[in-house]
Amino acid sequence: MKIKINKKLFLITGTLVAALIVTTSLIGHKTVDYNTEVKPLFNKKCITCHGGVKKESGFSVLFRSEALAKAESGKLAIIPGDPDNSEMIRRITSKDPEERMPYEHAPLSSEEIDMLRQWIKEGAHWGDHWAYVAVKPVEVPDAASGFWGFLSGKNEWVKNDIDHFIYNQLKLQQLEPSAVADKPALLRRVSLDITGVPPSDDLAQKFLNDNSDDAYEKLVDELLASPQYGEKWTSMWLDLARYADSKGYEKDGYRSIWRYRDWLIKAFNSDMPYDQFLTQQLAGDLMPGATDEQFIATAFNRNSMTNDEGGTDDEEFRTAAVIDRVNTTWETLLSTTFACVQCHSHPYDPFKHDDYYKFMAFFNNTRDEDVTGDYPQLREFDIEDSVKLERLKQWLAQHAAKEESDKVIRFLKTWQPAVNAHLADQLVNSAVSDTRLALRNNAVSRLPGIDLTSKNVLRYRYTSGIDKGKWTIHLDSPGGPVLASTVIPASQGWNVGRVDLNTVSGVHDLYFTYNNPTVEKTNENTLAYFDWFYFASSFPGREAPGYDSAYAWFNDLITTSASTITPVLMENPPDMFRSTHVFERGNWMVKGDEVQADVPHSLNPLPKGAPRNRLGLAMWMTDKKNPLTSRTIVNRIWEQLMGQGIAETLEDLGSQGIEPTHRLLLDWLSGQLMNEYNWSLKKLVKTIVMSATYRQDSKVTPEILEKDPFNKYYARGPRIRLSAEQIRDQALALSGLLSPKMYGESVMPYQPPGIWLSPYDGNVWEKSTGEDQYRRAVYTYWKRTAPYPTMLSFDGVAREVCVARRIRTNTPLQALATLNDEGFIEMARHFAARMEKEGGGNVQQQISKGYELAMFRPISKEKLEPLMNLYQQALQQFKKDATKTCEMIGANREHNTPEKAALIVVANAMLNLDEFVTKN
Amino acid sequence: MTQKELHNQRLINEANHETLRFVTRRHFLKDSITGLGAMAFGSLLSGCDFWGSKGAGLNAFDSNNPLAAHPPMFPGKAKSVIYLHMAGAPSQLEMFDYKPDLMKLDGLECPQSLLEGKRFAFIRGVPKMLGPQAHFEQRGQSGAWVSDHLPHFATVADEVSFLKAVKTDQFNHAPAQLLMHTGGARLGRPSMGSWVSYGLGTENSNLPGFVVLTSGGKNPDAGKSVWGSGFLPSVYQGVQCRSEGDPVLFINNPEGIDKDIRKASIDAINKVNQQSYEEFKDPEILSRISQYEMAYKMQMSVPEAMDISDEPEYIHEMYGTKPGRTSFANNVLLARKLVEKGVRYVQLFDWGWDSHGTSPADCLEIGLINKCRSIDRPITALLLDLKQRGLLDETLVVWGGEFGRTPMQENRDGKEMPFKGRDHHAEAFTMWMAGGGIKKGVSYGETDEIGYSARSGKVEPNDIQATVLNQLGFDHEKFVYQFQGRPFRLTDVSGRVISEIVA
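If you read the sequences in order, they're chains A and B.
Here numbering that gives the first Met the number 0 is used: the first residue of the first sequence is 0, the next is one more, and so on.
Here numbering that gives the first Met the number 0 is used: the first residue of the second sequence is 0, the next is one more, and so on.
The set of hints was computed from the structure by calculation and includes no laboratory data.
Backbone N, C-alpha and C define an ideal beta-carbon position, used for all residues, glycine too.
There's no promise every hint is true.
To be verified - Covered stretches of chain B (in silico footprint by chain A; criterion: 3 or more residues with CB under 8 Å from a CB of chain A, positions within the stretch not fixed):
(1) 165-176
(2) 253-262
Unchecked claim - Below are the DSS-like pairs computed for lysine-lysine, each with C-alpha atoms no more than 25 Å apart in a straight line:
(3) A:Lys135 <-> A:Lys120
(4) A:Lys860 <-> B:Lys457
(5) A:Lys698 <-> A:Lys469
(6) B:Lys419 <-> A:Lys711
(7) B:Lys280 <-> A:Lys883
(8) B:Lys296 <-> B:Lys103
(9) A:Lys467 <-> B:Lys280
(10) A:Lys357 <-> A:Lys623
(11) B:Lys262 <-> A:Lys883
(12) A:Lys120 <-> A:Lys44
(13) A:Lys387 <-> A:Lys351
(14) A:Lys685 <-> A:Lys217
(15) B:Lys438 <-> B:Lys419
(16) A:Lys711 <-> A:Lys624
(17) A:Lys43 <-> A:Lys351
(18) B:Lys262 <-> A:Lys878
(19) B:Lys262 <-> B:Lys340
(20) A:Lys401 <-> A:Lys387
(21) A:Lys899 <-> B:Lys217
(22) B:Lys270 <-> A:Lys899
(23) A:Lys878 <-> B:Lys419
(24) B:Lys217 <-> A:Lys590
(25) B:Lys117 <-> A:Lys44
(26) B:Lys262 <-> A:Lys860
(27) A:Lys43 <-> B:Lys258
(28) A:Lys182 <-> B:Lys280
(29) A:Lys899 <-> B:Lys321
(30) B:Lys258 <-> A:Lys698
(31) B:Lys217 <-> A:Lys469
(32) A:Lys406 <-> A:Lys387
(33) A:Lys706 <-> B:Lys280
(34) B:Lys414 <-> A:Lys520
(35) B:Lys477 <-> A:Lys54
(36) B:Lys217 <-> B:Lys419
(37) A:Lys848 <-> A:Lys860
(38) A:Lys182 <-> A:Lys205
(39) A:Lys43 <-> A:Lys54
(40) B:Lys270 <-> A:Lys848
In isolation and in its complexed conformation, chain A is listed as follows:
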């Protein structure tokens, strides 16, 4: 049977809808609407030449103030109330091809011209794009009392408020919703959606045997409470955070940042309110009394890449990281294509070129500088050292001023704020090598611009292969007064040294000289490396009791090896402040005017009292007046559950994005999230999955398919291929291999050899052992330049930059992965063993059991038959070939039978079934 998508019908339906809208507006008020009528026309016909990028003849239709201003000709293009004297009307109606607009393009239709004329006559009122206006209260429409309501009477289909919005739209499209899906389908669907894995056997049986009215709600509550919930939603968030276990670019070396992934899992599981969730990730370090966890949350923005390639300009890649943070914030958290504004004003949306750099100023004052050490890193200690730290804190609380004490602790936890050695210049017999200062005999180098006021101790991280190096620090010139002098001893790897400084105030250039009397003359050998320099006042409380032990703890903790390190954000102290400039045409080398941190004026202002730093920025984003934050997350969660966003373009709610199918629903849910659910994402997820809309059967009729091929109106339930992570996790679960272990360093499951071949990087993929081979996909090691292959096959992304939305594809390479990847074969072996063990005596029962384990329903005769045939064919083959039998079973054991091997072939096929890889 063929169903033709009838183009004509599609158009007719469209016209009908349009006619309805027009009719409604005729009955109501007949003024021209800027947003739905004028703006789309401007975007299509005018804005390319008269917008944010080009402003031909000094005329632009992007902002009202610009459109109403005099053009270069001195004429007024738009005179509110006076279309006849408005130059724009004259030009769009002109007969002279040299004058007539749009220039060298088809003229506007007479309807379009009339519309513009009337709009000007009515006063040329501008409107803001809906997504840039704060969410207003939305009344839930009544599905039963709508225009068609009287035909259907009380609406039995509706289960919660969402359904009213959906139902009314369905009726407009002349579609009927589908019935509720059966229990097995719902069980599998909602489990995969909420937890990313099939339900446990217990939970499944409980639900299937529970005939009470609220059985489904109980199931949903249990799933939301399970620890797997956090793992599933973290998988989603990692794409937005561009999370990876490597730094990116050429060397793409290891980065220890998995504590951030674990932070996400815990945050989702504890249902941390979304406003808190964002605030901690954007500005956890700036929160009063920030905890380790809050620092780790800021690793969200340390997932930008670090370029360790030799010879790169660190400032260039630091800038690239800052730009990446701005773009990520807007694309993933605010659904706005702000990256456009990097080079010029936004072509379509109300953002000016300067807005980009004002916004960038929020992010431009963090300590990270693209150095090899990936500083600042939060150092977390083992138990013994943590005890020392606590004792030290107690001692400091009694014997030091708070500010002093905070500085000491911050240094121990982060080695900050230190001056990175790559800032050294005027290098003689020395070099900056891989961001470290490398000194040869008779070296001279400069560390410019150090504020020495009340600094009398210098600590420095160094390594030296040779004893007795004399290192002297001169003030202001290589022969200037000596600030300090010390001997650099040979070290075992990196060490932190200390030297007292003579008291000097003000900002100075420091000149380092290094001579080693054991080396005869100047030669090419590097004798010592420096990593960073930390200038501070001396350890407080010299006279206080217990000073000696406290100071000893302090020194121990400086050099002790941390149990984990995690790159975090940390703000520059005032003496390291960086000014932010506009980059002319986006070129970071061409700096324009200096700007101060601010948010775009076309959106809500910074809340009262909000500081102009990342914390203030977070307050702005989580302000209920912010029009984008709540809409963006609601749209995204809807997409995860329903297969597509209410507005399909998750990355762009602006005027170039695809219009939402149910804008009022989007606003209503956004309002609920902020005002009723107190930013609880679990409540939002629950509301959506409790709706009749979500619970519908996903079977489609030819009629619905024809009217709504993409299920934009939801006359059926969602039916979507599982994500890369879900495909792996489900197969592991079915095979009984899935490890419930949570958290920790990323793991390396089976990967074919030869995937990792990065230059200058000795790292290799070493297959994990024990249960670590079978952890959920969210724990798989992610290397940016060579991601895990099956993850990529199923539309995973490289995570070089954030990706707001994965685009689903359907390709033969996906089939090859699940058919032939050794990892999937191993799962098939265990799945077969489970089928055999749990299925009972005969093959038919075993195969049926396998199907039931995945689908929670018995297999139909029609589906069983091809699988039985496959079993028989495979069995005949294996009976003839003992070697193949052993190969299939993967071990040379005496219990190997052709029957076992044949069942593995069937298990392998079953893991490839459309139903298995799809959420039905």
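We have chain A; now place chain B onto it with these hints.
Positioned in the frame of chain A, the structure of chain B alone reads:
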């Protein structure tokens, strides 16, 4: 498969796809202005109609058959591309850009005027000039300069167009490779092969449309991102084929499963899926059925296509190939085979051209000569072999690195180097193109007396890209993909077709 069989196979595939097309969901071409969908019927329309007379704002992408063959925007001279990238950046001053005046300056300190305002990767302070480290001669009718490092290639110099004044703005490997292949120096943009794959689909559904082959023991510095699909759907990324192990990842059956059992499995899977289709009527299921059929066909045809051992002895002699090893020569021969079978874009990366002078392997006097030797016969053979098969006219061959090398000797960290070497140089270097509608025996562009910067005929990576697209039948300014609210191009906001070398 013979050409005729291949043609028939293509017709059958197309027919299958047409059937599928009507019953499957179509990813509508989105009219970005109104957000309303407009239907387009893919290859039913001519290239011009398919890409639209403007092309702006349209994403031509069918999620259920994303690799269906499309016509280009206009009839292109080239049907396929073989791009030979020497990762690490080969020294133009020892291969093609002969500078006798530089010899006179050998050993003298570099004048300040060449250093001011310039950024170098490793040169610090004042380096010394370094004369050409090779003997040059003019070759063939065209009189092109080719050094003795490439004696075989010297004999076919009349076949190619040299670009002697290529300039880039990146002087580190990873960003420069990204710029050369994705049009931008930052990660996240689609590679040229992905654009081509998106634009043309694949002619041979049994093989990927965009194949990547690497040699030299390492992947290029920018990793898989140089053949990644960026913001295009992931299906358009390059498929890395290997000369050892599985030629394509997961193409071989696991141990224990032979051809017959695999066929039986796929039949069973598809029969069950057919049942699911009867139940759900979801067109995606039909698409999955056809993808599994295609997977099987790929399993049958890829290993054969990737096997060069069945080539005759004289061909192995010509290319210098030894089947079963990973080598640049093997990859070049493989590239010819793949192009012959309808693959659109074959990208080769050969690692190890970074002649800094820090070790024997990366110096001009040993390492570079060895690298030249390893490519000399294969690249020559490729041009001659394509020619003798009548394929050179429709196959565009591109050769080059990500930047060039300095006329100064490297003095890493301000030190003398143990061997002769040159630092990264973005100002000027040589590339060449041949076949696929490119002029023969032309040398375009010129550098100054010492090969420091372009004097005339300067071209940049975006120009190379514009030219490659042009040869394939695409206008680089109109060939766009909507992303982040604006149409993106391979050539970003610049690029010019280098008409001087287009026949």
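Results for each hint:
no.	hint	result
1	165-176	holds (count 5)
2	253-262	holds (count 8)
3	A:Lys135 <-> A:Lys120	29 Å, violated
4	A:Lys860 <-> B:Lys457	70 Å, violated
5	A:Lys698 <-> A:Lys469	80 Å, violated
6	B:Lys419 <-> A:Lys711	65 Å, violated
7	B:Lys280 <-> A:Lys883	38 Å, violated
8	B:Lys296 <-> B:Lys103	61 Å, violated
9	A:Lys467 <-> B:Lys280	81 Å, violated
10	A:Lys357 <-> A:Lys623	22 Å, holds
11	B:Lys262 <-> A:Lys883	16 Å, holds
12	A:Lys120 <-> A:Lys44	21 Å, holds
13	A:Lys387 <-> A:Lys351	52 Å, violated
14	A:Lys685 <-> A:Lys217	11 Å, holds
15	B:Lys438 <-> B:Lys419	35 Å, violated
16	A:Lys711 <-> A:Lys624	29 Å, violated
17	A:Lys43 <-> A:Lys351	20 Å, holds
18	B:Lys262 <-> A:Lys878	18 Å, holds
19	B:Lys262 <-> B:Lys340	24 Å, holds
20	A:Lys401 <-> A:Lys387	19 Å, holds
21	A:Lys899 <-> B:Lys217	41 Å, violated
22	B:Lys270 <-> A:Lys899	23 Å, holds
23	A:Lys878 <-> B:Lys419	66 Å, violated
24	B:Lys217 <-> A:Lys590	38 Å, violated
25	B:Lys117 <-> A:Lys44	44 Å, violated
26	B:Lys262 <-> A:Lys860	22 Å, holds
27	A:Lys43 <-> B:Lys258	55 Å, violated
28	A:Lys182 <-> B:Lys280	20 Å, holds
29	A:Lys899 <-> B:Lys321	42 Å, violated
30	B:Lys258 <-> A:Lys698	35 Å, violated
31	B:Lys217 <-> A:Lys469	42 Å, violated
32	A:Lys406 <-> A:Lys387	17 Å, holds
33	A:Lys706 <-> B:Lys280	14 Å, holds
34	B:Lys414 <-> A:Lys520	15 Å, holds
35	B:Lys477 <-> A:Lys54	22 Å, holds
36	B:Lys217 <-> B:Lys419	23 Å, holds
37	A:Lys848 <-> A:Lys860	13 Å, holds
38	A:Lys182 <-> A:Lys205	12 Å, holds
39	A:Lys43 <-> A:Lys54	15 Å, holds
40	B:Lys270 <-> A:Lys848	19 Å, holds
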